[in-house]
Amino acid sequence: MASYLRPAELPAALEALAQGVAEGRPRVVVAGATDHYPARVGRVTDEDVLDVSALAAFRGIREVEGGWWIAAGATWTQLAEQPLPACFDGLQRAAVAIGGLQIQNRATIAGNVCNASPAADGVPNLLVLDAVVELASVRGARRVPVGEFVVGNRATVRAPDELVTGLFVPDPAAAIGAAAGAPGRKDEFVASSTFLKLGARAYLVISIAMVAAVVVRDAGRRIASARLAVGACSPVARRLPTLEAELAGRTLEPGIGDLVRADHLTALSPIDDVRGTAGYRRASALVLVRRALEELAS
Amino acid sequence: MTAWIAFSVNGRPVDVEVDPMRRLADVLRDDLGLTGTKIGCDAGDCGACTVRLDGRQVAACLVPVAQAAGTEVRTVEGLADDGSGSGGGHERGGGAGLKPHEFADLAALQRAFLEAGAAQCGICTPGMLMAADDLLERTHQPTEAQVRDALGGVLCRCTGYRKILEAVAVVAAAPDAAAAEVASAGPSLPASGGAVGARLVKVDGIGRVDGTAAFGADERPEGCLGVRAVRSPHARARFTIGDLEALHARHPGLVKVLTAADVPGQNRYGIYPTGKDQPVLAEGEVRHRGEAVCALVAEEAVLDAIDDAEIPIAWQPLDPIADIDAATAPGAPLLHAHAPGNVLVRGRLARGDVDRGFAATGARAAVEVETTFVEHAYIEPEAGWARRVGDRIEVTVSTQAPYMDRDEVALILGIGPGQVRIVPTACGGGFGGKLDLGVHGLVAVAAWLLDRPARAVWTRPESMAASPKRHPARIRASAAADSDGRLTAFRFHGDFDTGAYASWGPTVANRVPVHAMGPYAVPAVLATSRAIHTNNPPAGAFRGFGVPQAAIAHEALMDDLAAQLGIDGLEIRLRNALRAGSMTATGQVLRASAGLAACLEALRPAWARLRAEVEAWNVAAAGRRDPARRGVGIGAMWYGIGNTSIANPSTIEIGLDRAAVVTLYSGAVDIGQGASTILVQIAADALGVPAGTVRLVSGDTDRTKDAGKSSASRQTFVSGNAARLAGEALRRDLLRLAEVGQDASIELADGRATFREPGRSAVTIDLAELPEIGVGSAGDRAVLAATGTFDPATTPLDTDGQGVPYETYAFGAQLAVVEVDVELGTTRVLRIVAAHDVGRAINPTQVEGQIHGGIAQGLGLALMEAYVPGRTENLHDYLIPTVGDVPEIEIILVEDPQPSGPYGAKGVGEPALVPTAPAILGAIHAATGARITTLPATPDRVLAAIRASAS
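Chains as they are written, first to last, in our numbering: chain A, 1 to 298; chain B, 299 to 1249.
One chain only, chain B, in its complex shape (with noise of 0.2 Å):
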């Protein structure tokens, strides 16, 4: 039934025919247009949807829309009316096409936001607005617990939370002078030259503050069918599908049944050429439970009234081969035939003589580390939409790997790659996650086949299924020092489940050796891997590649060796760091920009001064018999930028138009990361002109040539050095056709461009006068055009690991401090002090966002994050830290340049992440004696343990 639900939204008064029981978040999308609402879960768990009912915050996705009638709603699109009185309400808001406020329009929250860098991919930002808004109008100067409380409802999955605690806590000092302050002022836009090292506010932010940014729920062309994949409930199960025609019968609207014959092209896919394992569509058995066996197209509408249960599906479910255990056990069945006895591939690293390294030592530790699949948890689930056009197919999806989708989408309709194009949508969160195909297949060949536009938008739960997840590890590991610390020998080995298909397994099979003994000089190592299958999800990229996991590994191991040799965990560390000139494990010597050193000598005085706090709190809290004891813990990293040992080239053009406008044409994805705000910065800075006056085009296959993948840390240093080089060539083109030096000042305005050298008078070129020449195949013009290209200097590694795999690497050192409950097992992150060698920070508030957001999720590594397929597939269940678990947090900025690096800088986006839970698990040890070597450090696991090392 439907009914006529009256209600006001912004402000004004909206009456629409729907379900009663219709969600409150679905109507203000899909029947309001008010596509700012976003939706991660569909269960009031994200927060995403948050919107202000009555002045109240609630979950949209929780409100029947019959109990809004009467009410007033406020929604993100509503918030900026509220500085400029400019009016507007919804019509301005949702979706794609519409414009995005001018900066000064906003309201001073969203302003507040983009000035502290407190919304990267964006996909959270209404909803913490519409928490904060609902906070601010309520509570007076409200207390930072206080803005914890309002936004503790909201999950971010990007910011680690402190920038947005930032942001709001200035509106709330002073929310009449922040806004009147912020509007006069204008955001940050430096000069020309300036924008290297500026914090330059994001340049794609102001659509993720009002709601405009179009993701990849939130299009939905005309006469678009909905795709929705039925998914095996079995880990491992032979099918086959009935006769459909009763199920057409009685849903009449029901367009088609895709099944595996369906896919026109090859029905495999996956990241290596080599690895094209995995079906779109499964053929008659399933390896993983959420695997797509068939796929139904109709209007949405329609979808939404056929049960799964409905369709004919026999199932013979087969006995799952549920761990790395039961598949390398003798006898096990086979995954796939090109995987003999299970194992994906392997990974191998050996240099010098390991035994004698172990023979005469002053100190030898071991450890066993075992983790668990950990999910992206992205707040924006997997969507995007398809259309034929002609002989080819354009998909509009949120990716990290624009090129990369293009090729596999191409393989699966069985058409050349410059048939597809592929359009990034803003990416709501990525992760590694959205590196592999999540919608594309299904949506490409729907719309191929029918000649309709088609969409898909995952549910929580599916995403949860289907998606890739990081790798679970069993690592084995042991080292050896001599009496003064100084590493000897080390050994290592680790098994990574790489459930039912390849995905990145090569990848962390590949990465982890040359990582597995830590930012030190070692000379002896023997490093092996191994990825194997079995029927779980697929596990692919994850922030880091399985470096996290085998960092837990080896900083235990470094905590270990200093505890028995009695030297100070830092000085351990510091004594054998990498260095420029140092050999590293692959025998590569780092000639520059090896920062560990000066990272760890950067904490040595919070090492020291929070440690005899620490000390003294827990003597303290002894004496009034308080169960919580408190610790310091440190963990160090390294971690190579970009590809191991393959080619990783990234080209970015940038044109000069007519009207004197530099289009940078990127297709590096921001996928909240910042990359777009980067390479506008470096781009800006070779050419020389104001970051401000650069346009940016991100990401469409058809617009942009092919910038990798936004994955590895590699956007700023490889895609930067493109834009860097784009960006230069252009200046020597201008400069040359001006016919002046090459330190002469570039003004770009009103189709002119003009020239200034000391000493000489001013040249002017009008561009309009120029031929005009096309940049990329969608149209786009330019007078003049310039490309860079970079790919990163690095060699193959022979059958024992040795070579360069890569050309520079990031390094960095964290403290933790924790408490713990001694009685009950729980563990509070109380402070975080992050030093990190990113060679130079192009802009520094989105290196400390990348840094934040790294702990945030090397903390939920650490504590709470467990994904049990079947069990934890929501955002109830599948706990990752909220605005009150994660701690201050002190950064400080090593620079130690890259000779090779854009302006000397490298890379931060995984990095961050990868010492942060080693870190907390060694403050767990110091403030208990209790080592966890199992994660998550659940509060059971903890108690265990502390209960074991006390017996």
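One chain only, chain A, in its complex shape (with noise of 0.2 Å):
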């Protein structure tokens, strides 16, 4: 018979999925469950729950030392009310385009990264953020940057007995900052963000092919760093170290876009299926990288 656990501390959630692990029936993790039921239409489960959504420490969107913690009980709505700078700005236009409100309600953004779709508008954003997924266990914790947490089509990092408990999300200027060896320079720098999502209809739609991108610049327009991620077009959203080192440095103007070629997107894999050819997910993609940085420049 099928066990459910609701419970309101951590201790007691990672000492469950110990458990599970070591009574050969790993629990499912289940969130906003979202993604949890569209799985199992008409089909007969027998698994063993761990609910989350009761936990107090998974509450909240905050600033922290260096950046923001997106608590893993955060949800998309949450995410899009909250006034946040303007390098959350892709990540904040992708909350209000996961499916519709009755899903942005109750999905979490640590869930979106955990189901590991191929299409989860969250993981470009995320990706290009440079947001780190932290993980508790009864082991211990561990950060593990979203580039290496997704390692597939529906494939993470998280061990069975592990929970996602947040996401942090470096201040990409005081990033910069910290990089140019001058902490205290942050203020010198700003970063905007944008994602561009390309599907078949007005709401509801799974990406057939997006973009997300954070620039961040000097105050004469220098591009200190850019960051552009695709997603939909291969297994794992894929970030675009090429063109990002070619724009470093460049002036962020409109035009900008025209440095995007073909070859910058080699890393992606696209595949045809109903929503779209490959061909098309390879030219779309090109299409909506160079009109987000246009975005950006503009």
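Take the hints with a grain of salt, since some may be wrong.
[To be verified] Here are some chain A residues the structure puts well away from chain B; computed CB gaps all over 12 Å:
(1) Ala18
(2) Ala57
(3) Ala86
(4) Gly140
(5) Ala141
(6) Glu148
(7) Thr251
[What the hints assert, rightly or not] Here are some chain B residues pointing at chain A (derived, C-beta under 10 Å):
(8) Arg321
(9) Leu351
(10) Arg526
(11) Arg758
(12) Thr1124
(13) Ala1164
(14) Val1166
(15) Tyr1176
(16) Ile1178
Hints listed in this document are in silico derivations from the structure and should not be mistaken for laboratory results.
We put the beta carbon where it would ideally sit given N, CA and C, even for glycine.
Assembling the complex is the task here: the two chains are given apart, and the hints tell you how they should meet.
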């Protein structure tokens, strides 16, 4: 008989996960459950569930030392409604494009990452934010960058006894300042971001391709750091390191999109499916990357 | 495991002992009886189950009930209590037999939905209402964009969303004022004689906005067993079912596993007497993915624990016939012995000398069109239940065709049709898909054999895999015109993938040649068609029966001819338009009510203005490096009302009882399109009483006579005439009884009928003193009853397709304005202007609603809908338009009365869909130069076509 637990405290949750692994019945973790049920329509299930929605530690999005903390229970609606700096514009745009409000009100940002769909709208944004996934287990805690956390279609490095407790998003401007050896110079840099999603209808649409971008520039519009990622065009969303390197040091001004060439997107490995052909995905990703840069330059 | 979960529903505390992971939607419906919350997909894709959880809209199908602990849940049943303060909470809500609210007790939003015609079938309405309720409480005077965002998670397949937006806007603009105004005025109720043409609120509308209307899945009789089909994962395979003993041992509650051998009568059903080829349960071989091979019967909790993988089925997969090419290849395996070459049926129309027409011309055009399977995607999956009553079976089911169902169930059980009673539930959308049997066969067999009520509710993937689809078409067509643009010849061949079973394939094959050349007078036509079997899902009836596919071809040809000849696109259609006096390609002379020219003339100002606007816009866009281009397209259509050349009668009965209540006994099922309201309006005026006083009994085959099926846009014209004749007959009988003249007025009240004529004193008849007669066989009584029967005047078509296939035709034309992103290939429809000749708009609100909904489905057909067996069996991979996809729609109603129509009316259900895709595709062509002929016009196809046309 399947068991269900909904603890209020993290240690109990971690203990339950560990015990499930020990007993050979790893628990399925459920938060907003918006990916859980659709995968089980008309199917018989016999699963032990750990429901993390009551965990006190899992609530909220807040500013912390060096950046922001998105707790594992934070929903897309909370993200969309919370005032956040411009580096979150892209993620906030994703927040209102994931399912309908019914989904946004329940689904968590962390869950989007853990579900690891190639078309997860959160992932490219978190990639360009250099977000770090924090995991906890009875064995201890660890931090894994999002880019290393998601390793394939529906695959992550989360061990069955681990729980994602939240995501740390470093302040992109502060990171630049720190890299320049002058954390105090943070205020000289401005981070902006965007997210472009391509789908075949207005709402409730799974992306054919999508692009997220964060650009940090100085007061003279010189690009200190540009990070771009493309989703739905490979098993895991991919950053575009060659392009990012070429953009660094350039001036963020209209026409910058013209720098983007098809060979910047060679890391992508799109497939043909009902939403579009591989060739189309590649072509549209190129257009979206250019447009994302133009939008940030305008 | 179970746990006690306590929360609050509509202000009342509840405490339920359930599996904590049970979906909140199931707990609301099954454990708390709040069936106003609907389930359309169980995957958060459709939003029908939207409720408010601590104020926020959520999909109740995705909420573990344990997460509702301690929260406040609001459902549609709790909405009305806001306005009236009448309390009630959940004891009022839910399911069959519960009394709907009075209009004045409804919440402002519910009243606004009714007044605007925002609820058609009503299955999405509770979800829409709760989503809107959330918005209105949170946002003061929201913009339309905010309303769209709030409703974006709820799919509607009927309304095209426009009237929903309108209703929400009314309340948003002035919530208190709107509430007060509507409450005081009440719904508009026309006086005696004023029903036809009035915007009467749906007579069955209140149950659709307060959650009390019972749909197919909303009833679960005491002691009811569940029936679950086990379906083939293979498109073509042989199979054997092994020993079931171990399965029964593992699941002692499993009552029975039904197999083909258990079907008591004929294990074959199908639409045509000659086409009964589809088994209730497959006999050793399956012909399409999703075909039922056996069915489990048990308490629903027992069924839920049985995995299909536990059932000992040995499969021997065979290479499936995947498409028309494979089916018609030499040596292709035959699906059915009666269909040599896998050709189920051929259609043909020949008139005039086509070769000569093509020889001497000003311009010639040719096109090849390919369309795909399109899913009805009604938000209510197939559902219903059956019970055995002595030597009779009663099937309560969501359907479009109760009398056809009755005859099919009788054959399956091997009993007489009189032993079958079909009780239609509220139908949560049909569009042709519920003209075929759904759950009927299996629940009937289970209930008959086990003598216990048996119920089935299909899941969304099951519904999509097992129900019929729109036929994929492969069309080659060409047309020629003289230098004035007058058509001289038209040639057409269409192959239609009719899938594994006949279903409505013959209808498509026969209807298409008649309509192939479009609404134009063409002296020489050769149009042929074939319906071809494959191992795909059966293709059946879907709003238009193949005509929408054909229209894509003929309208592309008209655009091409116009361009070649330098004639305006509207003008060339006008020059060729069928008019009163024209002869159609079947040799039928249209005597009246052929209003295409009027529709085109009505569009002319918008056509000129929109094209000028678009031209200027494109110049500006090019100037600012904007990759968007706009274009305007036009599509025209005609559509024969009712069956093609075969008998198509409707009989409607009307009774007056001792209490002086008039009841219309209508077998015409309202599937959301509004038949019930239309028929009440017609009958009320025919009888001469206010429409608001006419009671309606709908659909039940024991209580009503056969009014045919709700298909082919026939209910207004055919059943409407029957209702008119019934009303007139009852009026005649009454006037004769009272010995008054034919112009006398009739007042019915308090058991008395009072008749007044100018210059004479009133005559009163005490109805309570009259002897009673029975109406139907279920105990309905009347003192006077009358019937009306109408069957359109048609003749059979000869081997050249010559004859009178339909008594009357609907005509229409639409303009579409689109914006195409020429770098991404995405298309946004910005505006539709639709002019339709409906003969007479019996209820303009409902006519507009049909047009909106048809346009939305036409938009889906054009841009996004593609059903791929095994791949798009859900509502997130199979896309239908959302509230953000349907543009502003301007409607121009042309009323060119049909002399034989009820008050001049024809039909509008299907016609509105037909010209939309052609207009959109024409607009994409105008915007980009790319002509899309393989549908849907997804972004990848549009971009490829743009690149191809540029090079």
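Outcome of the hint check:
Remark: the non-interface label on Ala18 of chain A is consistent with the geometry, its nearest Cβ contact in chain B lying 20 Å away (cut-off 12 Å). Consistency note on Ala57 of chain A: stated as away from chain B, and its beta-carbon is indeed over 12 Å from all of that chain's, at 17 Å minimum. In this structure Ala86 of chain A is separated from chain B by more than 12 Å, as the shortest Cβ-Cβ distance comes to about 22 Å. With a cut of 12 Å on Cβ distances, Gly140 of chain A stays outside the contact zone with chain B, its closest approach being about 29 Å.
Listed as a non-interface residue, Ala141 of chain A keeps its Cβ farther than 12 Å from every Cβ of chain B; the least gap is roughly 26 Å. No beta-carbon of chain B is positioned within 12 Å of the beta-carbon of Glu148 of chain A; the least distance is around 29 Å. No beta-carbon of chain B comes within 12 Å of the beta-carbon of Thr251 of chain A; the shortest separation is about 19 Å. A least Cβ separation of about 7 Å between Arg321 of chain B and chain A falls short of the 10 Å threshold, and the interface hint therefore holds.
Taking 10 Å as the C-beta contact cut-off toward chain A, the hint placing Leu351 of chain B at the interface holds, the least distance being around 8 Å. Interface restraint check for Arg526 of chain B: the shortest CB-CB distance to chain A comes to about 9 Å, inside 10 Å, so the restraint holds. With a cut of 10 Å, the hint placing Arg758 of chain B at the interface with chain A holds, because the nearest CB-to-CB distance is about 7 Å. Taking 10 Å as the C-beta cut-off, the interface hint given for Thr1124 of chain B holds, the closest approach to chain A being about 7 Å.
For Ala1164 of chain B, the suggested interface contact is upheld, since its CB lies about 6 Å from the closest CB of chain A, less than 10 Å. Taking 10 Å as the C-beta contact cut-off toward chain A, the hint placing Val1166 of chain B at the interface holds, the least distance being around 6 Å. A cut of 10 Å between beta carbons decides the hint on Tyr1176 of chain B: the least distance to chain A is about 8 Å, and the hint holds. Because the beta carbon of Ile1178 of chain B sits about 8 Å from the nearest beta carbon in chain A, less than 10 Å, this interface hint is met.
The structure fails none of the hints (numbered hints given earlier).
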